[in-house]
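> Go ahead and model the full structure; you've got the sequences and the hints to work with.
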Amino acid sequence: MADPFDSALDLLRRLNPKHTTAHLNSLINLAPDLTEDLLSSVDQPLSVRRCKQTGRDYLLCDYNRDGDSYRSPWSNEFDPPLEGGAASAASLPSEKVRKMEVRANEAFDLYRDLYYEGGVSSVYFWNLDDGFAGVVLLKKEARPGSASEGAWDSIHVFEAIDRARFTQYNLTSTVILSLSANSSSLGDMDLSGNMTRQIEIELPAENEEQQIANIGKLVEDMELKMRNLLQEVYFGKAKDVVGDLRSVGSLSQDAKDREVHKELVGSMMR
2 MADPFDSALD LLRRLNPKHT TAHLNSLINL APDLTEDLLS SVDQPLSVRR
52 CKQTGRDYLL CDYNRDGDSY RSPWSNEFDP PLEGGAASAA SLPSEKVRKM
102 EVRANEAFDL YRDLYYEGGV SSVYFWNLDD GFAGVVLLKK EARPGSASEG
152 AWDSIHVFEA IDRARFTQYN LTSTVILSLS ANSSSLGDMD LSGNMTRQIE
202 IELPAENEEQ QIANIGKLVE DMELKMRNLL QEVYFGKAKD VVGDLRSVGS
252 LSQDAKDREV HKELVGSMMR
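Numbering of the sequence shown is given in the numbering used here, commencing with residue 2 and proceeding in unit increments.
It should be emphasised that the hints constitute simulated quantities derived from the structure, not laboratory data.
Here a beta-carbon is modelled for each residue, glycine too, at the ideal position from N, C-alpha and C.
It is possible that some hints are incorrect.
[What the hints assert, rightly or not] With a straight-line cut-off of 25 Å between C-alpha atoms, the simulated DSS-like cross-links for lysine-lysine are:
id, residue 1, residue 2
1, K218, K19
2, K53, K141
3, K100, K53
4, K257, K141
5, K97, K19
6, K141, K218
7, K240, K263
8, K141, K263
9, K226, K53
10, K100, K218
11, K19, K226
12, K226, K238
13, K97, K218
[What the hints assert, rightly or not] The calculated label-pair distances, taken between Cβ atoms and stated as ranges, are:
id, residue 1, residue 2, range
14, S48, G194, 11 to 21 Å
15, G188, S95, 48 to 58 Å
16, D245, R166, 49 to 59 Å
17, R15, L230, 15 to 25 Å
18, Y117, E209, 37 to 47 Å
19, V49, A3, 15 to 25 Å
20, E209, G119, 26 to 36 Å
21, T55, E210, 20 to 30 Å
22, F236, N26, 27 to 37 Å
23, I200, P33, 32 to 42 Å
24, I29, K240, 30 to 40 Å
25, S184, E96, 51 to 61 Å
26, G194, S42, 17 to 27 Å
Printed below as a string of structure tokens:
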């Protein structure tokens with residue numbers, strides 16, 4: 002008999018990634034005992050919440066979740082407040098890692114503004130026995146609710162393992178892309194999917210500033226590579242399909258081209 006968790010993941014891979022959240026909630030209702038495993042294993046489009054203390058938007062994911070509460074990177078507070086009124090030590094980064102988290106959020110807020118010209122970014126760090134780990138989240142929506150809309154969600158999870166004079170970075174990046182259009186002349190179009198890539202690399206990191214710079218460079222390079230891959234796979238293939246279905250030139254021009262081609266072939270055979 003197949004393992005229920007593997008079957009759930011297999012089913013999600015075959016469904017439209019644009020509706021991953023709805024599908025995930027349906028599976029959790031069917032198999033509540035798989036809730037934690039599914040939430041920690043399945044990447045889904047990011048949700049936005051406003052920090053009550055600072056008034057700034059932040060992104061929700063499994064890495065800033067504790068039960069039904071989510072931690073804001075701007076205030077370091079959970080919403081709604083955790084039972085007992087205080088977060089456990091396991092839910093919060095250490096003071097040193099929290100300072101790095103604050104600097105990383107400031108850095109990626111600038112990155113978001115420069116590269117995305119809008120959207121929302123959030124960075125969350127947590128402690129490891131031999132270093133620290135974190136996630137960089139970026140979300141941008143284009144004309145949500147209109148006839149033509151799109152959404153880009155990128156999730157970059159990393160570990161930074163301390164080595165002698167170097168730090169080993171293990172980065173796993175996922176991009177979730179969704180595009181849709183609806184018009185009376187062209188009909189409905191829905192283009193959705195996701196892509197995951199990984200990299201391991203050792204880089205010199207003598208201080209906290211260099212750690213953040215290394216993480217920023219790795220995320221920037223990975224996003225550029227994945228953007229180019231998505232453009233080639235999604236839009237290149239769509240262009241090929243449309244080109245095969247519908248000729249750009251007129252039928253009369255195609256007929257003339259065929260006649261010219263025939264004459265050339267005939268003259269070469271004389």
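> When the structure is checked against the list of hints, which entries are broken? Sort them ascending.
Of the numbered hints given earlier, those the structure breaks are 1, 4, 5, 7, 8, 9, 18, 19, listed in rising order.
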